[in-house]
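Assemble the complex: chain A is given as a structure, and chain B must be docked to it using the hints.
These protein sequence lines map, in sequence, to chains A and B.
Per our numbering, the first sequence runs over residues 1 to 242.
Per our numbering, the second sequence runs over residues 1001 to 1347.
Hints were generated in silico from the structure; no laboratory data involved.
These figures come from a predicted structure and were not determined experimentally.
It cannot be assumed that every hint is accurate.
[What the hints assert, rightly or not] A partial selection of chain A residues facing chain B, derived with a Cβ cut-off under 7 Å:
{"id": "1", "residue": "Ser6"}
{"id": "2", "residue": "Cys64"}
{"id": "3", "residue": "Thr77"}
The beta-carbon is built from N, C-alpha and C at its ideal position, and this holds for glycine as well.
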Amino acid sequence: MNKVYSRPKALKDVSTHYCPGCGHGIVHRLIAEVVDELSIRERVIAVAPVGCAVIAYDYWAFDCSEAAHGRALAVATAIKRVRPETIVFTYQGDGDLAAIGTNETIHAANRGENLTVIFINNAVYGMTGGQMAPTTLIGQKTATTPLGRDAQLQGYPLKVSELLAQLPGVKYIQRTSLQSVQDILKTKQAIKEAFQNQMNGLGFSLVEILSPCPTYWGLSPLKALEWIKDVLSKEFPLGRIK
Amino acid sequence: MITGNEAIAEGALDAGCRFYAGYPITPQNELPAYMSRRMPQLGGIFIQAESELAAINMVFGASAAGALAMTSSSSPGISLKQEGISYIAGARLPAVIVNIMRGGPGLGNIWPAQSDYFQATKSGGHGDYHCLVLAPSTVQEAYELVKLAFYLAEKYRNPAILLADGMLGQMMEPLVKNPKSKIPNPKDRRKEWALTGCKGRAPNIVKSFYMREGDLEKLNLALQKHYQLIQAKEERYEGLFLKDAQIILVAYGTMARISKVALHTLRQEGIKVGLIRPIALWPFPKKAFAAKSSSKVRYLVVEMSYGQMLEDVLLTVRDKEQVEFLGRAGGGVPSAEEIIKKVKKIL
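Okay, chain A solo, but in the shape it has when bound (with noise of 0.2 Å):
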């Protein structure tokens, strides 16, 4: 009898400590598949900033570095800077990426450093407690938007992919989601083609996940998977977006 399906080499044999239905373990997965299947393990660098992955070095056997929350893509910079040989990638969330560090974000892009970025987008703050994001959607009911997200009040979603895809530096940008075996088999292509392309020099890229957090959408995890098709994929279109 053949083995099919095993736990990948960079994947370390630990429970989780994420809550039911969350997205990030399956993105953790597809990133260790995608690190062996590269045969990168031993020359992958994580950046893993403030945010529910802060300790995603818990899961993945290979070299990893915490960051301040918003500085991933500083870090991660300067770890590529120092070591070109070496493939680094950051793993942030909405919070992370899109407000407290949307400056490293932009710029980092800008000067087209040659990194991959997974960016967790589920519309929330999941680690402190369900507060507002900025990607969190108009009427969307958070910890500090109780009435829902106002515009008025509050803003828009902020659609950082698309602001990016401006920018010269930035070589590939793709929008996947987790909502269906289909999708999470596309995400895991995308997360492949964008340490592909630093392997091949390109610059930078970016995969924007959406991703389930049913416990601050208040939905069960069936639920969840559901909203990301009918309702937050309408507002953060997925396909290529660069």
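The following block gives chain B in isolation, referenced to the frame of chain A:
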């Protein structure tokens, strides 16, 4: 002839620094400009960062990857870097941070000041940590001490601050490049902990986050032990006429230079004045005061601030009656004449 800012850049390069990230701010702009020219010639990396925050976090990343890394700024910019410095200390990373101090608070002005002493020596960011702090008083010494800062940062895996002021940064003096001054020990540069890709070893993790019960307290206890070791070994000061002095001036950096002028003038008049010039501000050179603390010698602390190092002198001498203070800030610099007048008033 070279400015203090350029001498610091040159010293850093001679120490083996090959990564610099910074953001423009006066009065330290000659330093990054020099780095931008020289770094590429030496195969190093110069990045003009988008912010002070990005600059200090680039230093975090470069150090995590094993490079000798440095940033520089001036007071308001150093305030912005404090979170990053705390992370560097928590993650046990070596790094050198140069602060060419200017007047504060707020935007203040671009005149020299020594008002960031508390911030530099007492852990300016969050958490119980310390940076090593070195304070040069001449351009030559700025060159020597930045090399020492790299040596100590690497040796102790700890951030080190070179604390100077706008006057020293801008001043031009002759520099003799001394190949014998301390540079990082090759042994300290092996860095088994650095992020290089995990080929042939278990993965390395650089972090300061410890959520499991008791883990962060363990890290803190280890850090405290580490700081005690540094305190025992790394006190540095210059002492002048300490044996016969009736009054000892205590001053560092630019203020120590001016104090020396006052000292020699007073000595010519037969007044027995001495000087303690802390070269390391953390660890504070308590030993300098040990010989005299029992006798009734008087101390006059002189600072370009309203009394920051003064608190460390008071903690060391422990007798308020023995300690006097003269200070100005916000661009005001106590003159030799003011020091002489104050000494005569005390005696």
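Inset, instruction - Starting from the hint list further up, note which numbers the structure goes against and sort them upward. - result: 1
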